[in-house]
Amino acid sequence: MTYNPAYILFLFFLFAAYLLPAQEVLISQEVNLRNTKKYVILGKKENNIQLFRDRESAQEVDVFDENLSYKYSRDVKLEGDNNKIFAVIGHGKNESSVIYGSYLKDSVRLRQYVINGDGEMKDTSTLITVEKKQLRSNLKYAYSENEQRLLLFNNVKDDKLNLFMINLPKRTLSWEASVVIKNKSEGYRFLDMVVSNEEDVFILYEKANNRYMVDDHAFMLYHLGEDAQYFVELTMPDYLSKDSHLTYDELNNNILLIGLYTQANRSSALGYFTFSSSRNGIGSSDEILFSPFDASFIEEVNGKRKGVNNTLDYYFIKDVIFQKDGSFVWIGEMYKQYVRRAPSPYNRGGGSGLQGYIDHYTEDIVVFSVDKDGSESWRNVIFKKQFSQDDDATYSSFFLMKSPSRLRLFFNDEIKRSNTVSAYHLDPLGNMKRETVMNTEYENLKLRFQDGIQIANESLLLASEGSGMLNLVKISL
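With the numbering used here applied, the sequence shown has no gaps in its numbers, which climb one by one up to 534 at the end.
Bear in mind the hints are in silico, worked out from the structure with no lab data behind them. Remember, it's a predicted structure, so these values are computed and weren't measured experimentally. Treat the hints with care, as some may be off.
The calculated DSSO-like cross-link candidates involving lysine-lysine, where the alpha carbons are at most 30 angstroms apart (straight line), are [as the list claims (entries may be wrong)]:
| no. | residue 1 | residue 2 |
| --- | --- | --- |
| 1 | Lys473 | Lys442 |
| 2 | Lys217 | Lys179 |
| 3 | Lys94 | Lys393 |
| 4 | Lys197 | Lys141 |
| 5 | Lys490 | Lys503 |
| 6 | Lys459 | Lys473 |
| 7 | Lys490 | Lys95 |
| 8 | Lys375 | Lys150 |
| 9 | Lys490 | Lys442 |
| 10 | Lys189 | Lys150 |
| 11 | Lys393 | Lys227 |
| 12 | Lys375 | Lys197 |
| 13 | Lys490 | Lys473 |
| 14 | Lys381 | Lys442 |
| 15 | Lys128 | Lys503 |
| 16 | Lys490 | Lys393 |
| 17 | Lys264 | Lys429 |
| 18 | Lys179 | Lys227 |
Okay, the calculated beta carbon distance ranges per label pair [to be verified]:
| no. | residue 1 | residue 2 | range |
| --- | --- | --- | --- |
| 19 | Asn104 | Ala352 | 51 to 57 angstroms |
| 20 | Asp448 | Gly149 | 33 to 39 angstroms |
| 21 | Arg397 | Lys473 | 14 to 20 angstroms |
| 22 | Asp370 | Asp448 | 21 to 27 angstroms |
Every residue, glycine too, gets a C-beta built ideally from N, C-alpha and C.
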């Protein structure tokens, strides 16, 4: 019996397609962003997908079904005439909230507007009325991992923070506080802040992080909680910190300070440092641990290029993922930019003048798995090359999807409309596999992966934006 070679080839590709992981890509109709100052993807609420848009004269919620077919839009009517939105966040399966201030003559009413699963107003509450100086325009926010607690904060003075803790499901202000830096005279500056699910607040300060004052370089960690409060100073006199972050392990109730360290050159990292402690206080054995990058790893990342030194250049920490046993995985990414022309000092017709042209390079990713005792269990390198110009690197970087059995990193292979989307799979042992997820050649999409949100173990939701129009895109694996 003889077989036609073309038929055999057809069977091969049919079998190969059968073995590929099943995936579905859904795209919404275009949303016009004209007069839209900002938008927030609220995610899946009940059986709907919601998009909040803050327009110049009004706010609204666009509602889509689970297949991203447009259903309707609902106006968001905030109480008060002189309002400023501070935060928009989805919390719980069926609710989202707009936290805003209504400015009066001498005071501000801090309010919460709650949106239900149908995009309609469920409730609106006044949380507190404060003096206007307590809610200045530089107000920022941080929220807990479960997105049930939101902390508004601002610098009233260089040495003082105003804090407002909001219980989003209950629509109440849990507490307010003012934190004064006790060691401000020594030059400490605010650096980072995290909020736990139980309303603990951890604040990180740093001083003398420059090559001329390295002997005095130190961090200060402040914990504000219901049953424990403390300051602790962590000296780091031999190195400068290139990149520092606070994060909280909800499973084990530990606070983690992690960063990259260097010496003279702030763009180059010699290794990474970690400090981990229980939320209840610093133990006698708690200290900053330094883990230098070895030569073989530097060579794996940089390649055998002439003149390459013993550092990782232009890398920043992007994410930390905790595991049940207290170990964690941290992910770093290389990012650098070049200005092709300096901004013009001249203004014409009252405008801002000519702007500098900026090249953005967002390239390889490094992944480290670190045990509870600080030792390294495995590491890996994810190679990618992303380049763009004058777009604030909006479409670069990656999205991290988390599931109990693996991590997936999604990214654009190239920053252009006709593009391939790829994903790397990482299992708990660091084994890695790459796959092609989709091709945007005929879809006219520019996907913003770094702003995506995960709506299920195997689904992510993100925006495609360009030419003043937006599409929502849902990828299910």
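Here is how each hint holds up against the structure:
{"no.": "1", "hint": "Lys473 x Lys442", "in the structure": "holds, 13 angstroms"}
{"no.": "2", "hint": "Lys217 x Lys179", "in the structure": "violated, 36 angstroms"}
{"no.": "3", "hint": "Lys94 x Lys393", "in the structure": "holds, 27 angstroms"}
{"no.": "4", "hint": "Lys197 x Lys141", "in the structure": "holds, 12 angstroms"}
{"no.": "5", "hint": "Lys490 x Lys503", "in the structure": "holds, 24 angstroms"}
{"no.": "6", "hint": "Lys459 x Lys473", "in the structure": "holds, 26 angstroms"}
{"no.": "7", "hint": "Lys490 x Lys95", "in the structure": "violated, 36 angstroms"}
{"no.": "8", "hint": "Lys375 x Lys150", "in the structure": "holds, 27 angstroms"}
{"no.": "9", "hint": "Lys490 x Lys442", "in the structure": "holds, 17 angstroms"}
{"no.": "10", "hint": "Lys189 x Lys150", "in the structure": "violated, 34 angstroms"}
{"no.": "11", "hint": "Lys393 x Lys227", "in the structure": "violated, 43 angstroms"}
{"no.": "12", "hint": "Lys375 x Lys197", "in the structure": "holds, 20 angstroms"}
{"no.": "13", "hint": "Lys490 x Lys473", "in the structure": "holds, 24 angstroms"}
{"no.": "14", "hint": "Lys381 x Lys442", "in the structure": "violated, 33 angstroms"}
{"no.": "15", "hint": "Lys128 x Lys503", "in the structure": "holds, 24 angstroms"}
{"no.": "16", "hint": "Lys490 x Lys393", "in the structure": "holds, 26 angstroms"}
{"no.": "17", "hint": "Lys264 x Lys429", "in the structure": "holds, 28 angstroms"}
{"no.": "18", "hint": "Lys179 x Lys227", "in the structure": "holds, 13 angstroms"}
{"no.": "19", "hint": "Asn104 x Ala352: 51 to 57 angstroms", "in the structure": "holds, 54 angstroms"}
{"no.": "20", "hint": "Asp448 x Gly149: 33 to 39 angstroms", "in the structure": "holds, 34 angstroms"}
{"no.": "21", "hint": "Arg397 x Lys473: 14 to 20 angstroms", "in the structure": "holds, 19 angstroms"}
{"no.": "22", "hint": "Asp370 x Asp448: 21 to 27 angstroms", "in the structure": "holds, 23 angstroms"}
Going through the hint list in order, the structure does not satisfy hints 2, 7, 10, 11, 14.
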